[in-house]
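Starting from the given sequences, assemble the full structure and let the hints guide the process.
The residues making up each chain are set out below.
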Amino acid sequence: MALIDLTRALRGHPVRPPQSGIARRRTVWERTHLDPWLLAMLLVLMLAGLVVLYSASGQRLEAVVAQGIRFGVALVVMLLLAQLSPSTLLRWALPAYAVGLLMLVAVELVGDMGMGAQRWLVIPGVIRFQPSEMMKLAMPLMVAAYLSRRELPPRVKDLAVCALLIGAPVALIAKQPDLGTSLLVATAAVFVVLLAGLSWRFIAVLAGLVAAALPVLWMNLHNYQRQRVLTFLDPNSDPLGSGWNIIQSTTAIGSGGLFGKGWLQGTQSQLEFLPERHTDFIVAVLGEEFGLAGMLAVLVLYLLIISRGLWLAAGAQDTFGRLLAGSIVLTFFIYVFVNVGMVSGILPVVGVPLPLVSYGGTSSVTLLAGFGILMAIHAHRRLLPR
Amino acid sequence: MRERRDTLKNPEQELRIFRVRSLLAVLLVFAMTGLLMGRLVYLQVVQHEVYSTRSEKNRVRVEPLPPTRGLIYDRNGELLAENRPTYNLTLVRERVDDLDATLTLLVRLLELPDEEAEAFRVRSRQRQRPFQPALLMSDLDEDQIARLAVNRHRLPGVEVEAQLLRYYPDAEIMAHALGYVGRINAEELETLDTGRYAGTHFIGKTGVERFYEDALHGQAGLRKVETNARGRVLRELGRTDPVPGQNLTLTLDKELQQLAYELLDGRRGSIVAIAPATGEILAMVSVPGFDSNQFVTGIDVASYRALQEDIDLPLFNRAIRGQYPPGSTIKPFLALAGLVEGVITPDKTIFDPGYYQLPNDSRRYRNWLRWGHGRVDMERSIAVSNNTYYYSLAHDMGIDRLHDSMSAFGFGQRVGHDVFGESTALMPSRDWKRGRFNQPWYPGETLSVGIGQGYWQVTPLQLATATAVLANRGQWVKPRLASRIGDDPVPLALPETPADIELASDGWWDKVFSGMEKVLSGSEGTARRTGVGLDYRMGGKSGTAQVFSLGQDQRYDAEELAERLRDHALFMAFAPLEEPQIAVSVIVENAGGGSTHAAHLARAMTDAWLLDDEEPDVEELREAMENDTGNVAGN
Chain F
1 MALIDLTRAL
11 RGHPVRPPQS
21 GIARRRTVWE
31 RTHLDPWLLA
41 MLLVLMLAGL
51 VVLYSASGQR
61 LEAVVAQGIR
71 FGVALVVMLL
81 LAQLSPSTLL
91 RWALPAYAVG
101 LLMLVAVELV
111 GDMGMGAQRW
121 LVIPGVIRFQ
131 PSEMMKLAMP
141 LMVAAYLSRR
151 ELPPRVKDLA
161 VCALLIGAPV
171 ALIAKQPDLG
181 TSLLVATAAV
191 FVVLLAGLSW
201 RFIAVLAGLV
211 AAALPVLWMN
221 LHNYQRQRVL
231 TFLDPNSDPL
241 GSGWNIIQST
251 TAIGSGGLFG
261 KGWLQGTQSQ
271 LEFLPERHTD
281 FIVAVLGEEF
291 GLAGMLAVLV
301 LYLLIISRGL
311 WLAAGAQDTF
321 GRLLAGSIVL
331 TFFIYVFVNV
341 GMVSGILPVV
351 GVPLPLVSYG
361 GTSSVTLLAG
371 FGILMAIHAH
381 RRLLPR
Chain P
1 MRERRDTLKN
11 PEQELRIFRV
21 RSLLAVLLVF
31 AMTGLLMGRL
41 VYLQVVQHEV
51 YSTRSEKNRV
61 RVEPLPPTRG
71 LIYDRNGELL
81 AENRPTYNLT
91 LVRERVDDLD
101 ATLTLLVRLL
111 ELPDEEAEAF
121 RVRSRQRQRP
131 FQPALLMSDL
141 DEDQIARLAV
151 NRHRLPGVEV
161 EAQLLRYYPD
171 AEIMAHALGY
181 VGRINAEELE
191 TLDTGRYAGT
201 HFIGKTGVER
211 FYEDALHGQA
221 GLRKVETNAR
231 GRVLRELGRT
241 DPVPGQNLTL
251 TLDKELQQLA
261 YELLDGRRGS
271 IVAIAPATGE
281 ILAMVSVPGF
291 DSNQFVTGID
301 VASYRALQED
311 IDLPLFNRAI
321 RGQYPPGSTI
331 KPFLALAGLV
341 EGVITPDKTI
351 FDPGYYQLPN
361 DSRRYRNWLR
371 WGHGRVDMER
381 SIAVSNNTYY
391 YSLAHDMGID
401 RLHDSMSAFG
411 FGQRVGHDVF
421 GESTALMPSR
431 DWKRGRFNQP
441 WYPGETLSVG
451 IGQGYWQVTP
461 LQLATATAVL
471 ANRGQWVKPR
481 LASRIGDDPV
491 PLALPETPAD
501 IELASDGWWD
511 KVFSGMEKVL
521 SGSEGTARRT
531 GVGLDYRMGG
541 KSGTAQVFSL
551 GQDQRYDAEE
561 LAERLRDHAL
571 FMAFAPLEEP
581 QIAVSVIVEN
591 AGGGSTHAAH
601 LARAMTDAWL
611 LDDEEPDVEE
621 LREAMENDTG
631 NVAGN
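Residue numbers (the UniProt record's numbering), protein chains in the order written: chain F, 1 to 386; chain P, 1 to 635.
Don't read these hints as lab results, they were simulated from the structure. Keep in mind it's a predicted model, so treat the numbers as computed, not measured. A virtual CB, placed ideally from N, CA and C, is assigned to each residue, including glycine. Hints are supplied without guarantee of correctness; some may be wrong.
[Unchecked claim] Output of the computed footprint for chain F on chain P, the stretches with three or more beta carbons under 8 Å from beta carbons of chain F: (1) 16-29; (2) 43-56.
[Said to hold, decoys possible] Chain P is nowhere near these chain F residues, computed Cβ spacing over 10 Å in every case: (3) 29; (4) 102; (5) 160; (6) 202; (7) 224; (8) 230; (9) 256.
Spelled out as structure tokens, the structure:
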């Protein structure tokens, strides 16, 4: 039944927004505020992710079921957020950001140590929760909300405010330490600023500042973080230690060849040579078992999702919606780029999952929540006052 | 104005900016995705071969399956070398939660001194890859294993691993004959067939273990296993079973060997007993021995130094490497040589005034009996061990013929078929002396050789072998230690056996035998006390080897020096005369004047071999030996 709806919708639903004011039978998409194209592609991606996950998890069906349930939850979250109007989002921006920031401070004070880093906020018996994950959405929301009220392109004063808004949570997350997430959070906010029209001169100055700050950043990195960078520069310097991951993952991908070794046939993956092969390194399993063909198919799927997302963002009626939507989509791409780049050995190892493929609940929920917001912005555009 | 501009929004401009920026973003996204795709093409197409090979290597590991080393039995099936399961304590650090607590607990459980915990900590770091067990301690005893087993649940990551280790139940008495295995060293590794020795850590270092290394070792097997990145075996893909080493049955008789060792225990010397008909070595001891088991696991430096610096040289295999002047024990061989060369006949006599003089030389070469034995024929020359007879014989033969005829008995060469590390000792010759000292041979030196002194040196094995050949009436047998390799008997006929010794008349053998019998049973025999109460006919010959020098770097106190300057006592014998079943050579270092020391031991050996019901009383024998000292003069 749902399938029939879906196909009909795909066939019949125009990409261009329907004319407003004309009485017309509302489709299931209009009623749910979901974008069928985007939803279809996300579902295909998630399905592919589950297939790879089954292999990557050592053929444990429980892992696939657990991930499926998380996807279900994430889809519900997406559906719920899609119902929100952009004006509601605008109103929530500051509270969400403030709560997120407070929780990050709380983590800093009383956070639970997990995997050697202080990331979790635990209310015993109730919830175990990473505030930094919430910040991934609250951050662009806040910056977009702020900038949409200013005259664009932003002026220096606005940029200073943005820098403060961005700097505080990013510093807190980086201190946990969680370099990957802090970079993603910062990226999401920076995209908002860039899309808002940050002047090119300013971009050049910022780039210069970042370059100048690199040595300072280096000095403040934890040993294991430095090690990651060094290992990235020369994985063979410590082939059994920190270089292990990258050597094994490039070996897995490279040995996959054009068409891969076949599903469940990847020796690197199945024989546990690959570390974290069902989480951050899952793309190596994909590359090994499905080859270049599989990798390109997935990358093209990502490109389609991003293109569709940007198309929706461009169609948004106000600046807030456009900035937020654009940032969400571009951040999604950054996930893909950083993850695939790190696993294939062109970027240092940072803890960034492959969106909607890597095993893990929080990131799936965050990502689909982001797409929910994107769809809300798109679906509610005609309801907004001009 | 400014205030207003701040709040004034320009939707058109904002949209334009956004469109330009997002277009740039899309371009950037495509460019970056292109970069990723390029990287993937590079990895999966350009470098595919490289990574494919690497992943293949990653997956399949070939593990060696070392073969079980063959066991060694004596001629009666008594086990001489076995493989004992030993238990090693290992630890996998990745599986240990709290290393300190675990090590402390281990040290307490094993009742070791607290310092051991530190040693354990050091050893626990000795591993190259994750999940490789580190060896903490080897050779756990049963008590320790039991205590570890009971506390197993408290010791995750700690394992007791079984390993087969060579074990010699009678190490001390067998050490020299059997040899031992030890860890393969770097030198050996270079020449070793690594395929055959994959997974093997031990190799025969000396003795039988070394000589029969090939048969004892067997062939390593292999198994192909799939492993994960941490080296843990996931499943076996295929295997070639190892071919276990072949068991070895020796000709040695453990009881006789034991007796020989006990006879010499507390002294220094060697006894070798051979079955003349076959060349089978029945006993071959060098005393003192040592605990060869120490060498299997690797001896510690202090113990090794103690063994090396022991002035009794326990590591020195006297039986095959000890070089002693044979003294008068070679007189029967010289008599035979004289018969072969036609220099003497059994009935030819000489008159012994107590000395011998070379023509045109005033120097007197003395008989041991100052006033001489008077008229001496061949038989009597052997029985009383007359020197003058042999000075004359040697002079008549000359060093060249002497050298050749003695070589025919195996002197100056390696005689054993399967004896590792045998010394040739020295049968001097004109050529040898020129080569060694660049000096001509002097006639007086021939006379020294005539009484088994001078440059001539023999090993106990050579002396026993020559005795066996003599007992065989000239028929050569090469001494051998192994009788069966696996199920295959070692063939009796051996290649490169020296030519048999032939006399013009078979009766001449009887004459020589008779002379040797009189050594023990004749009224003038030098070992007549030993011959008292013989239940069978035995022939023998005593000898005294002069010790004329000590090693330069050896320092003893005066008393010690005196003891170690005393003559070596030698005896060679065979029995029974009619159909010899045992030929034996005995050398007791620094036993002093009096061949009876060695003769008693030889008699104890033949008694033990021929009279199976009687257990010789070693203690009584030793007492008799001590009382006998000097009773029978001469050599």
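Hints, one by one, checked against the model:
1. 16-29: holds (count 8)
2. 43-56: With 11 residues close enough to chain F, the hint holds.
3. 29: At about 24 Å from chain P, residue 29 of chain F clears the 10 Å cut-off, so the statement holds.
4. 102: holds, 30 Å
5. 160: The assertion about residue 160 of chain F holds, with a minimum of 15 Å to chain P.
6. 202: The assertion about residue 202 of chain F holds, with a minimum of 13 Å to chain P.
7. 224: holds, 17 Å
8. 230: The claim stands: residue 230 of chain F keeps its Cβ more than 10 Å from every Cβ of chain P (closest is about 20 Å).
9. 256: violated, 6 Å
Checked against the numbered hints above, the structure violates only hint 9.
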